[in-house]
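Participant: Sequence:
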Amino acid sequence: MASLIAQCFIWDELTFPKPRSTHSGLRWVAAVLAQLIYSIANLLYWRVFMLGFVTYVIDKRRIAFARFLVGFAVVAIGSIVASIYACLVPIRLSRWRATRDKSHLLWLLVHAVLGHLVVLNILVHFMCGVLRDPGRVPQPLPLEVSRTMCSRCQLPRPLRSHHCGVCGRCVLRMDHHCPWLNNCVGLRTHRHFYLLLVYLWIGIVYLYFAGWRDFMSHVQDVCSDGDSPTREVNDSETWTHFANCVVHRLLSALFKSTVPLLAFITGLLIWHGFLISRGETFIEYYQNKSAARILRRHRLIFRNPFDFGAISNWLRFLGIEVSSDEKVIREKLRNLPVWTYVKRTLLSVVLLLNSQPFDGDGLEFKTCEPDIDRALRDLALVDDC
Numbered sequence: 001m002a003s004l005i006a007q008c009f010i011w012d013e014l015t016f017p018k019p020r021s022t023h024s025g026l027r028w029v030a031a032v033l034a035q036l037i038y039s040i041a042n043l044l045y046w047r048v049f050m051l052g053f054v055t056y057v058i059d060k061r062r063i064a065f066a067r068f069l070v071g072f073a074v075v076a077i078g079s080i081v082a083s084i085y086a087c088l089v090p091i092r093l094s095r096w097r098a099t100r101d102k103s104h105l106l107w108l109l110v111h112a113v114l115g116h117l118v119v120l121n122i123l124v125h126f127m128c129g130v131l132r133d134p135g136r137v138p139q140p141l142p143l144e145v146s147r148t149m150c151s152r153c154q155l156p157r158p159l160r161s162h163h164c165g166v167c168g169r170c171v172l173r174m175d176h177h178c179p180w181l182n183n184c185v186g187l188r189t190h191r192h193f194y195l196l197l198v199y200l201w202i203g204i205v206y207l208y209f210a211g212w213r214d215f216m217s218h219v220q221d222v223c224s225d226g227d228s229p230t231r232e233v234n235d236s237e238t239w240t241h242f243a244n245c246v247v248h249r250l251l252s253a254l255f256k257s258t259v260p261l262l263a264f265i266t267g268l269l270i271w272h273g274f275l276i277s278r279g280e281t282f283i284e285y286y287q288n289k290s291a292a293r294i295l296r297r298h299r300l301i302f303r304n305p306f307d308f309g310a311i312s313n314w315l316r317f318l319g320i321e322v323s324s325d326e327k328v329i330r331e332k333l334r335n336l337p338v339w340t341y342v343k344r345t346l347l348s349v350v351l352l353l354n355s356q357p358f359d360g361d362g363l364e365f366k367t368c369e370p371d372i373d374r375a376l377r378d379l380a381l382v383d384d385c
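Under full-length UniProt numbering, the first residue of the sequence shown carries the number 1, and numbering increases by one thereafter.
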């Protein structure tokens with residue numbers, strides 16, 4: 001943090017540009033002085049006040065800030081859902097009543113089912129991510145559990161457990177601490193975190209294609225309704241129209257903010273999907289990367305012992321793999337029962353009827369024993385080095 005603060009006081013051409021003016025004489029002096037005052041004020045505001053405020057919030061008020069983020073997420077999602085009920089649903093109903101076309105009614109029912117399914121999944125996974133315990137390390141640990149020692153809390157912990165500096169405790173199979181959930185993404189919340197991202201992405205894309213144009217045209221109609229010069233309105237109607245315009249403008253800005261949010265969620269989905277395919281967490285990725293770099297210097301190959309292959313890793317992560325599937329996956333997926341996995345995915349991921357445990361108790365994890373093909377590939381990589 002000290003180095004970050006020190007870097008903020010470096011004056012360069014970007015933060016403190018040279019004064020430029022096309023005038024001459026006293027006008028040039030006045031213009032240069034005005035630019036100088038503006039640059040100093042801008043520097044003091046962004047590099048002193050704003051940095052100090054952000055540093056204070058992160059260091060001293062991180063819990064309150066995390067609660068604010070959770071509250072903001074709840075209000076934002078709730079506002080969008082409320083706007084759908086208040087604006088888009090009446091528009092679609094009025095179209096159907098005007099035409100009595102069965103296709104409009106059919107699409108209205110389809111949107112109702114799909115929309116409520118997406119909203120329900122977003123709500124459930126968000127609440128589970130916020131309220132569910134990510135995985136507390138039990139004390140004392142059983143003697144047969146492989147363990148390491150935490151350097152911060154000075155207590156034994158199982159493999160793949162890490163200490164969270166925000167929560168102040170060790171978390172089973174910790175991935176990272178999410179400020180938007182005000183909770184750790186660990187053994188029992190990792191799946192909810194990723195599926196929340198999935199359904200948020202689906203919801204934003206679905207909202208864009210299903211109701212973006214109708215909502216924006218509705219906002220324009222509402223805001224231009226009181227601008228007619230031939231219409232006489234009293235003071236109460238003026239204030240009502242003003243408040244209505246403000247609310248719709250805010251909702252419009254909230255709708256438009258989902259576009260950069262979609263890009264951010266897409267990046268998170270790709271990154272965490274990559275980690276899930278490799279059978280490792282965010283912390284383990286950098287640990288394994290460092291271990292692989294050290295072993296490479298000694299002409300050795302590092303293999304993640306918890307990597308069972310991309311398909312098996314995803315089945316384990318989603319909780320739709322059972323012990324009898326290991327033989328099927330080990331046999332090169334020749335007899336993979338596709339319909340069985342589709343049914344499990346539908347029941348556990350889409351309809352939230354999962355009864356399968358997440359990944360055991362988090363104290364012990366199965367390790368992947370390398371087969372002869374993988375060993376030969378590793379030897380070939382060593383020879384190439």
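Because the hints were derived from the structure by calculation, they are not lab data.
For each residue, glycine too, the CB sits at the ideal point set by N, CA and C.
Mixed in with the good hints, there may be bad ones.
[Said to hold, decoys possible] Ranges between beta-carbon positions, derived for each pair:
1) 345 - 244: 20 to 26 Å
2) 69 - 239: 29 to 35 Å
3) 307 - 243: 55 to 61 Å
[What the hints assert, rightly or not] Quick list of in silico lysine-lysine cross-link-like pairs, DSBU-like style, CA-CA up to 35 Å:
4) 256 - 102
5) 343 - 366
6) 343 - 102
7) 366 - 256
Participant: Between the beta carbons of residue 345 and residue 244, is the distance compatible with 20 to 26 Å?
Facilitator: About 44 Å separates the Cβ atoms of residue 345 and residue 244, which means 20 to 26 Å is violated.
Participant: Keeping to a limit of 35 Å between CA atoms, is the pair of residue 256 and residue 102 held or broken?
Facilitator: holds, 32 Å
Participant: Do the beta carbons of residue 307 and residue 243 sit within 55 to 61 Å of each other?
Facilitator: holds, 57 Å
Participant: Please verify whether residue 343 and residue 102 have alpha carbons no more than 35 Å apart.
Facilitator: It holds: about 31 Å lies between the C-alpha atoms, which stays within 35 Å.
Participant: Mind checking the hinted window 29 to 35 Å against the Cβ distance between residue 69 and residue 239?
Facilitator: At roughly 33 Å between Cβ atoms, residue 239 and residue 69 fall inside 29 to 35 Å, so the hint holds.
Participant: For residue 343 and residue 366, compute the direct alpha-carbon distance and say whether it is at most 35 Å.
Facilitator: holds, 25 Å
Participant: Would you check the hint for residue 366 and residue 256, treating anything up to 35 Å between C-alpha atoms as holding?
Facilitator: Judged against 35 Å, a Cα distance of about 45 Å means the pair is violated.
Against the hints set out earlier in the document, violations occur for numbers 1 and 7.
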